[in-house]
Amino acid sequence: MSGNRARGTTQPAEANRNTRRMSNPSDISPTPCGQTGDQTLRNHSIYTQLMETVLSFMKLMTGDQQQDPALEEQKHSQAIREQEALLGHLMIQTVKHLQSGATGGHKFQLPCPSMHSRDNVRGGQQAQSSRKTCRDTFISSDLSSRGLDISSLYHSSFQDYNTYQGNKYDKKNNTLGFINLGTSENKLCIDLLTERLRRSDMNYVDDNLLQYPDWRGQPFLRKEVAQFLTTYCKAPAHLDPENVVVLNGCSSVLSSLAMVLCDPGEAFLVPTPFSSGFIFSACLYAKVELLPVHLDSWVAGANTSPFQLSVGKLEQVLFEAKMEGKKVRGLLLTNPQNPLGDVYSRDSLMDYLEFAKRYHLHVIIDEIYMLSVFDEAITFHSVLSIESLPDPSKTHVIWGTSKDFGISGLCFGALYTFNKAVASAVSSFGSLHSISSIAQYKLRQLLQDREWLDSTYLPINHFRLRTAHKYITNELKALNVPFLNRGSGLFVWINLRKYLHPRTFEEELLLHRHFLDKKLILSPGKSFMCKDPGWFRLVFADNHLLLRSAMHRFHQVLLEQERNWTRRQLEDAIEEDLLTSNTAAATRPHSSNLKG
Amino acid sequence: MSTLCQKETRTPATCLGSGSAQGLHTSNGDDVERECSRKPDQKPLKRYRVGDPTAMFSPNSPHLSSRGSIIKWFWDSAEEGYRTYHMDEYDEDKNPNGIINLGTSENKLCFDLLTRRLSQSDMLRVEPSLLQYPDWRGRPFLREEVARFLSFYCKSPAPLKPENVVVLNGCASLFSALATVLCEAGEAFLIPAPYYGSITQHVCLYGGVRLVCVYLDSEVTGLETRPFQLTVEKLEMALQGANSEGVKVKGLILINPHNPLGDVYSLGELQEYLDFAKRHELHVIVDEIYLLSVFEKSVEFHSVLSLERLPDSQRTHVMWAASKDFGMSGIRFGTLYTENRDVATAVASLCRYHSLSGLVQYQMAQLFRDRDWINQVYLPENHARLKAAHTYVSEELRALGIPFLSRGAGFFIWANLGKYLPEATFEQEMLLWRRFLDNKVLLSFGKAFECKEPGWFRLVFSDRMHRLRLGMQRVRQVLEGESQVAADAPSCQTQEPRGPRSHCED
Numbered sequence: 001m002s003g004n005r006a007r008g009t010t011q012p013a014e015a016n017r018n019t020r021r022m023s024n025p026s027d028i029s030p031t032p033c034g035q036t037g038d039q040t041l042r043n044h045s046i047y048t049q050l051m052e053t054v055l056s057f058m059k060l061m062t063g064d065q066q067q068d069p070a071l072e073e074q075k076h077s078q079a080i081r082e083q084e085a086l087l088g089h090l091m092i093q094t095v096k097h098l099q100s101g102a103t104g105g106h107k108f109q110l111p112c113p114s115m116h117s118r119d120n121v122r123g124g125q126q127a128q129s130s131r132k133t134c135r136d137t138f139i140s141s142d143l144s145s146r147g148l149d150i151s152s153l154y155h156s157s158f159q160d161y162n163t164y165q166g167n168k169y170d171k172k173n174n175t176l177g178f179i180n181l182g183t184s185e186n187k188l189c190i191d192l193l194t195e196r197l198r199r200s201d202m203n204y205v206d207d208n209l210l211q212y213p214d215w216r217g218q219p220f221l222r223k224e225v226a227q228f229l230t231t232y233c234k235a236p237a238h239l240d241p242e243n244v245v246v247l248n249g250c251s252s253v254l255s256s257l258a259m260v261l262c263d264p265g266e267a268f269l270v271p272t273p274f275s276s277g278f279i280f281s282a283c284l285y286a287k288v289e290l291l292p293v294h295l296d297s298w299v300a301g302a303n304t305s306p307f308q309l310s311v312g313k314l315e316q317v318l319f320e321a322k323m324e325g326k327k328v329r330g331l332l333l334t335n336p337q338n339p340l341g342d343v344y345s346r347d348s349l350m351d352y353l354e355f356a357k358r359y360h361l362h363v364i365i366d367e368i369y370m371l372s373v374f375d376e377a378i379t380f381h382s383v384l385s386i387e388s389l390p391d392p393s394k395t396h397v398i399w400g401t402s403k404d405f406g407i408s409g410l411c412f413g414a415l416y417t418f419n420k421a422v423a424s425a426v427s428s429f430g431s432l433h434s435i436s437s438i439a440q441y442k443l444r445q446l447l448q449d450r451e452w453l454d455s456t457y458l459p460i461n462h463f464r465l466r467t468a469h470k471y472i473t474n475e476l477k478a479l480n481v482p483f484l485n486r487g488s489g490l491f492v493w494i495n496l497r498k499y500l501h502p503r504t505f506e507e508e509l510l511l512h513r514h515f516l517d518k519k520l521i522l523s524p525g526k527s528f529m530c531k532d533p534g535w536f537r538l539v540f541a542d543n544h545l546l547l548r549s550a551m552h553r554f555h556q557v558l559l560e561q562e563r564n565w566t567r568r569q570l571e572d573a574i575e576e577d578l579l580t581s582n583t584a585a586a587t588r589p590h591s592s593n594l595k596g
Numbered sequence: 001m002s003t004l005c006q007k008e009t010r011t012p013a014t015c016l017g018s019g020s021a022q023g024l025h026t027s028n029g030d031d032v033e034r035e036c037s038r039k040p041d042q043k044p045l046k047r048y049r050v051g052d053p054t055a056m057f058s059p060n061s062p063h064l065s066s067r068g069s070i071i072k073w074f075w076d077s078a079e080e081g082y083r084t085y086h087m088d089e090y091d092e093d094k095n096p097n098g099i100i101n102l103g104t105s106e107n108k109l110c111f112d113l114l115t116r117r118l119s120q121s122d123m124l125r126v127e128p129s130l131l132q133y134p135d136w137r138g139r140p141f142l143r144e145e146v147a148r149f150l151s152f153y154c155k156s157p158a159p160l161k162p163e164n165v166v167v168l169n170g171c172a173s174l175f176s177a178l179a180t181v182l183c184e185a186g187e188a189f190l191i192p193a194p195y196y197g198s199i200t201q202h203v204c205l206y207g208g209v210r211l212v213c214v215y216l217d218s219e220v221t222g223l224e225t226r227p228f229q230l231t232v233e234k235l236e237m238a239l240q241g242a243n244s245e246g247v248k249v250k251g252l253i254l255i256n257p258h259n260p261l262g263d264v265y266s267l268g269e270l271q272e273y274l275d276f277a278k279r280h281e282l283h284v285i286v287d288e289i290y291l292l293s294v295f296e297k298s299v300e301f302h303s304v305l306s307l308e309r310l311p312d313s314q315r316t317h318v319m320w321a322a323s324k325d326f327g328m329s330g331i332r333f334g335t336l337y338t339e340n341r342d343v344a345t346a347v348a349s350l351c352r353y354h355s356l357s358g359l360v361q362y363q364m365a366q367l368f369r370d371r372d373w374i375n376q377v378y379l380p381e382n383h384a385r386l387k388a389a390h391t392y393v394s395e396e397l398r399a400l401g402i403p404f405l406s407r408g409a410g411f412f413i414w415a416n417l418g419k420y421l422p423e424a425t426f427e428q429e430m431l432l433w434r435r436f437l438d439n440k441v442l443l444s445f446g447k448a449f450e451c452k453e454p455g456w457f458r459l460v461f462s463d464r465m466h467r468l469r470l471g472m473q474r475v476r477q478v479l480e481g482e483s484q485v486a487a488d489a490p491s492c493q494t495q496e497p498r499g500p501r502s503h504c505e506d
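As given, the protein sequences belong to chains A and B, one line each in that order. At the far end of the first sequence sits residue 596, using the working numbering, and the numbering has no gaps. At the far end of the second sequence sits residue 506, using the working numbering, and the numbering has no gaps.
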């Protein structure tokens, strides 16, 4: 296997960087793994969705399974490595371009991943034609260069997400379909929500709902959101509906905030690992850079737990950025944290807010998981619960119903800010991120039904989350897989580094691919910009039967991973043996001649 | 269309009503015809203007980025009219002295039909899949229905394809997304002016894209047959002008039926504009949001999707929405139809920021599927009501001797109140607009549509009779008072040159 991996025939990816033409097959060969530098690795897989690109490779693999197993495995493995390098290249280009987009003028060319796999494995006519398609796709003169970037993101992510959508696991009809424990969605209470949304009080239409809305959100919904947040965030005083802006999702809120708080090329600090969606929201439209504040996976120094955020780390990254001449405008926090599941203590929260105030930074706090704290021993502190905020005019809170209610399809996100200028500026985007008044009405009904929330939904949701979490963590313990045991969010952050040989991001991606082979989707740590390879996020907020099948597949993959490692070691040993005996043969110079 | 044109052009130039100027003050004794075509100043005007919304203001907020301050200005400047209205909305019972809104282009004539239809049991379905992460292009069932719907109502020669459909939360988002994927920041679209002014904001906010106004004249000259006629010559001049200023033009925006003019382009005209665009490799965005609101039977609307062969199908992008034709701007449904897969894909990848609730997508599909209701109940009734309301308001304007344009499509009448301005300036136009607002009636002034001649106003007539009557009464009060005020108006009024913009619609 190792021989295949070396793949010396390829040329560096730089060959097709900055070109607008689609080059010939040898030009577009991916970067050899050995040449994929650290820099590259740090950037290249920050998009969760990009990882799903790999889904398309699967079809390719399964198509060739009937041939000679050994030969097939070589091919298979080579294809994987090439795809992986290509994927890496793709992501680097995308990220670099998104981040440098502000300066303009920088043109780049993305190879088309799915066609590339055909190039490598099948070649010939098919590759010719698909390459043509690819050229047509990516050299379109119809799109602006930023349009091209956006389009290439789609090609590399959404299409493959659609592949999953087209082949979903279904306990009746498609037990061999993909199980998605990669997307953070709470599917445990969809029955409760469906039932609640079907009740007759939801079905209301009047003239007012059919007319142009207040672009900040319907007054009745803003009022309800203010009341809701007052209660569930335990605000010391009533929150003001005038400080609420309602848009069609938290991504839209973040995108608008990035627009109004930063100029292109300016930056936010983000404790890392963090949700990859932030990158889309900050970069796609706003061209705002996210500067990772890397957290250590190991407890060291003053840290009392892994991945702990400290003011020291924030300051360090801030200073480095300043040295490089970057303008940092804010700090982006998620609490409860995604993917770690951490909940910040009140003291830590105050430390971060004080830090931000000291350096005149805005703080955006995404509290989208605030009602998904299912461990009763944990107390969540919303920033809105703080008596006197260090810098209220620079503190902006985001919340939505996608996670806490598992209704991402309803498309609702809200901003609470004490800063009227920010609220006004974000409201300008109201017409571009507007949410249907009919949906606004239903959301109001939902949020105001405290009886249902407090005695039905929240207790049941927490119970189900707890049960699912317990099941998954017990399984992980049985498999001896280390993980962060937190009591909030919809996921566990697990450590599979012992299955990586060597412990690199290439191996992480391979393992990820291996899961995909078994039709199991997890999110690799790299898509959260985690700096240590081997971490995965596993979403457990799904029904028990599905989780059981998923854990079965998970176990299978780990077993195979171990077997493969053993076999690789054996092969290497044999190869070494052979090499030794060959060398030995070579040192007996004329032995064959003697025979002849 | 021809009948209507004839009727309207019986009195020359801007088709004023038969009442003419009798008994009304007309400045300097000009007859109305001359007045309509009067130039605001003597210097020859540029026939185009490169818009730059960002150059219009200077304020800065300490907490916002510089672009954030510009963005905030967009919001604040919309405040005066629309938000004054919202704080003091007319209500027959609760607030009879509140403001009547004849400024926002909304169809309020059919809420009874629509609320009834939307309350029927087939609309109430809630499926788990509708609550979860969507296909960002729009749910497949809805895209299929939209393709069928547009094939039928746009009379496309072949069935339209669901793959070419992208669904978003309104045409505002669509303008924004198209501007972003078709242009670099600082590049521009051509747009015939007057035009529905909010497009300026839509293409600018995220996209940083500018609009080059192709100025149309109220005066009919040369081979033109009607006021404010768009000709290829004017397009060519504007394009050359923009190029000479170093502004890169990437496309042309057409609104058909037109807002605020109510024009419907003939097949020949449409073909000419598309050929012009093809010649210069320009994209054409055709906003057909009023396609089903052609209420005059003699007027024939031609969708670009009905053309047998588009000159440049890869660069032709059609938008439609439910806001106008179904009078449901609060639902936020908009759609793009383009044969260009790259454009569809690029727009779709921005859709996570412009998505529409799954439950609402389901309702829209149900609505578009119900052809019996649309064809037998909704459209005939809607057109009859639009026509009745239109007739009422045009009669009122004629009685006042106010020249106006109206061609049997859309929700509005484009009226020339120039004779009520003591001076032909936009400051005076703004003053008149404020007087209307003070008298509790909200109209839209021509400047908000980038009209180059002061004095034009857009009057929306698609409202219930009791409100229309009151609204027109208030308009008349102002104008009749105004004509006296005008006689001894102070010669110079200092006014901030930039007034509030019209409310952001789509």
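It should be emphasised that the hints constitute simulated quantities derived from the structure, not laboratory data. Just to be clear, a hint being listed does not mean it is correct.
Straight-line distance between alpha carbons at most 30 Å, and here's what the computed DSSO-like set of lysine-lysine pairs gives [to be verified]:
1. Lys-108/B / Lys-223/A
2. Lys-248/B / Lys-155/B
3. Lys-187/A / Lys-234/A
4. Lys-223/A / Lys-94/B
5. Lys-297/B / Lys-248/B
6. Lys-470/A / Lys-171/A
7. Lys-168/A / Lys-278/B
Residues of chain A clear of chain B, computed beta-carbon distances all greater than 12 Å [as the list claims (entries may be wrong)]:
8. Gly-177
9. Glu-195
10. Arg-199
11. Pro-219
12. Glu-266
13. His-294
14. Pro-306
15. Glu-354
16. Ser-428
17. Arg-553
Here a beta-carbon is modelled for each residue, glycine too, at the ideal position from N, C-alpha and C.
Going through the hints against the structure:
no.	hint	verdict
1	Lys-108/B / Lys-223/A	holds, 26 Å
2	Lys-248/B / Lys-155/B	violated, 34 Å
3	Lys-187/A / Lys-234/A	holds, 27 Å
4	Lys-223/A / Lys-94/B	holds, 22 Å
5	Lys-297/B / Lys-248/B	violated, 41 Å
6	Lys-470/A / Lys-171/A	holds, 22 Å
7	Lys-168/A / Lys-278/B	violated, 44 Å
8	Gly-177	holds, 15 Å
9	Glu-195	violated, 9 Å
10	Arg-199	violated, 10 Å
11	Pro-219	violated, 9 Å
12	Glu-266	violated, 7 Å
13	His-294	holds, 26 Å
14	Pro-306	holds, 30 Å
15	Glu-354	holds, 18 Å
16	Ser-428	violated, 4 Å
17	Arg-553	holds, 22 Å
In terms of the numbered hints stated before, the structure departs from hints 2, 5, 7, 9, 10, 11, 12, 16, listed from lowest to highest.
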